[in-house]
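Student: Now for the letters of each chain:
There are 2 protein chains.
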Amino acid sequence: MIMNVKTITVAVALALSSQGAWADNPRNEPVQPIPAAEITNPQLVELGKKLFFDPRLSKSGFISCNSCHNLSMGGTDNIKTSIGHNWQQGPINSPTVLNSSLNMAQFWDGRAATLKEQAGGPIDNPKEMAFTHELAVDVLASIPGYVNDFEVVFNSRELNIDMVTDAIAAFEETLVTPNSPFDQWLKGDDDALTSQALAGYQLFKESGCVACHNGPNLGGTSYQKMGVVEPYQSNSPEIGRAAVTGSDADRFMFKVPTLRNVELTYPYFHDGEAATLEEAVDIMGRLQLGRVYSDEEVGNIVAFLKSLTGEQPRFEIPILPPSTNATPVPEPFG
Amino acid sequence: MIMNVKTITVAVALALSSQGAWADNPRNEPVQPIPAAEITNPQLVELGKKLFFDPRLSKSGFISCNSCHNLSMGGTDNIKTSIGHNWQQGPINSPTVLNSSLNMAQFWDGRAATLKEQAGGPIDNPKEMAFTHELAVDVLASIPGYVNDFEVVFNSRELNIDMVTDAIAAFEETLVTPNSPFDQWLKGDDDALTSQALAGYQLFKESGCVACHNGPNLGGTSYQKMGVVEPYQSNSPEIGRAAVTGSDADRFMFKVPTLRNVELTYPYFHDGEAATLEEAVDIMGRLQLGRVYSDEEVGNIVAFLKSLTGEQPRFEIPILPPSTNATPVPEPFG
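Residue numbers (my numbering), protein chains in the order written: chain B, 1 to 334; chain V, 1 to 334.
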């Protein structure tokens, strides 16, 4: 039997591995591949998908989770800061919902520990969906199609907001993007990356980006100050983690965003002020690392970043159960 | 061989039929079943689906065709009048896009002869998507993923608005909803309708509703005055067909809306002022037919109307090709 070198390497790695995780990451890099979603409760996920797409969770009947975390567009809205109820301008850039289950906490300032906790936030934020949890539950409870769905999953025809956010979070946990070219490379496929992307990854590691953008999500593992070597100039009112802790030391500390699918999640930074990946890489180099990358270096890192685009979640659009005569009517202009 | 009565009826009908249309409608009713969509150019349809869901066809980058013709919600937005750019209140209720290819013309006043002509309207309407056709084409032309799609379909890498509206219209033509319970009944299945719904259909025919709500779409075949026997009281600024013809005789003449999926397309009338089907039936009876339906009669007609909900279009959410550094940036607040 003849084995080529690559086959042998993978075979040995698999043979030596005592851990599944390492077997999936034979190169032992500071970034790990994302596993595909394992759906253990498909009915809960399906209910969560409906809720994620349902604008009746907003006062206007017009804004759904998917409005600002658009799953046709990398789980973002691709605008600097989001549009909320009555066209209010949001204070911060919508982070992607893709792979968000891999973050240590949710929101830029980490004020929600879990996806479930996060899911309740926009519904009753007066600048976003501008509703209340009570009214959202009232709407759902008036719709037999939903009540039946909740009963199947929660064994109860009495709805509450905990069930709603459970279901949304369960759907969001499925929104992972495995098998990016970079993940294929991590798993041992030498041909999955261009030489330019590989050079970009080497530079990404050597110059220090990976100190913060690490783990399976290339981010989401720590809070870091925006503007380490030089202060970051911004008109944004956001002060980051300090809003949660009340500590001056946490001013401008933000959760490090994931770089997964970053090609799709423009514009960049918490204020959305970096329009392109080139601009974002240049600014990060100067402000966070005190390093001015050459154009060639920026190009290499950007080529690496574009290799982080994974398989996007593919599913049928949900068909939402209709309201009834008992359903509270949306108030878009009230 | 033993045949039951129903089998014989259908067999005879099929044997006697000289026309395909009649074969599909053995009861010879003034309403005809909807055929399923036949997709002859799947790549054109797929491109149209992407465009239908792409908010980059709006100035804000936030509003897509699907925002007001939401395919999770019967092809409507389920609010009285739509929300446009900068949260402007639209003047008229969003008609459903479902089965719209079966209408004689598009918009409530019929000002667009075709779906293709309609598709261009909202893009450059300052109260809706608030963009221009030129800018929309510029955006798409800056996105290689789109340019490739257009080349496959139109054999050209030069884009124009005609191609855009061709593709959107081709997608919309697939948005039909066959096999409603009523259509199953029309095709010969006696068990497809409840006795209440059947009584409602008989009353619908006998009392004159079918004079306007006829054909496969139960509407969309004529313009009629809103308020025949009694005037319709409304705060709506819309004058209907007169806005197109300039003729006083056409004031308050509107295209008769389809009743297909009417259970999903609340609220009702051009101003969205009827919140429920019961209210809509009652008002139509009084204003158009000079007839006051009893509660039982209203209930029967509503049961019939709910039998018009067909199979909703099922398809994967489109994954949109990302913008590039050359793509004009949305201006949601500019």
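Simulated from the structure, these hints should not be mistaken for laboratory data.
Among the clues, some could well be false.
Any copy, or any two copies together, can satisfy a pair, since identical chains are not distinguished.
[Stated by the list, open to error] Think about it this way: if two alpha-carbon atoms lie no more than 25 Å apart in a straight line, the pair counts; the simulated SDA-like pairs of lysine to any residue are:
no.	residue 1	residue 2
1	K127	V137
2	K50	S180
3	K127	V329
4	K50	P30
5	K187	G208
Student: Compare the structure with each hint and give your call.
Tutor: Against the structure, the hints:
Proximity of K127 to V137 under the C-alpha cut-off of 25 Å is restricted to the intra-copy arrangement: shortest distance 19 Å within a copy versus 32 Å between copies. Proximity of K50 and S180 under a CA criterion of 25 Å is satisfied inter-copy only: 22 Å between copies versus 27 Å inside one chain copy. For a Cα distance limit of 25 Å, the shortest separation of K127 from V329 qualifies both inside one copy, at 20 Å, and across copies, at 23 Å. Within a single copy, K50 and P30 get their C-alpha atoms no closer than 36 Å, and across copies no closer than 37 Å, so neither meets the 25 Å cut-off.
Taking CA atoms no more than 25 Å apart as the test, K187 paired with G208 passes inside one copy only; the shortest distance there is 23 Å, against 69 Å between copies.
Violated hint for the displayed structure: number 4, the only one.
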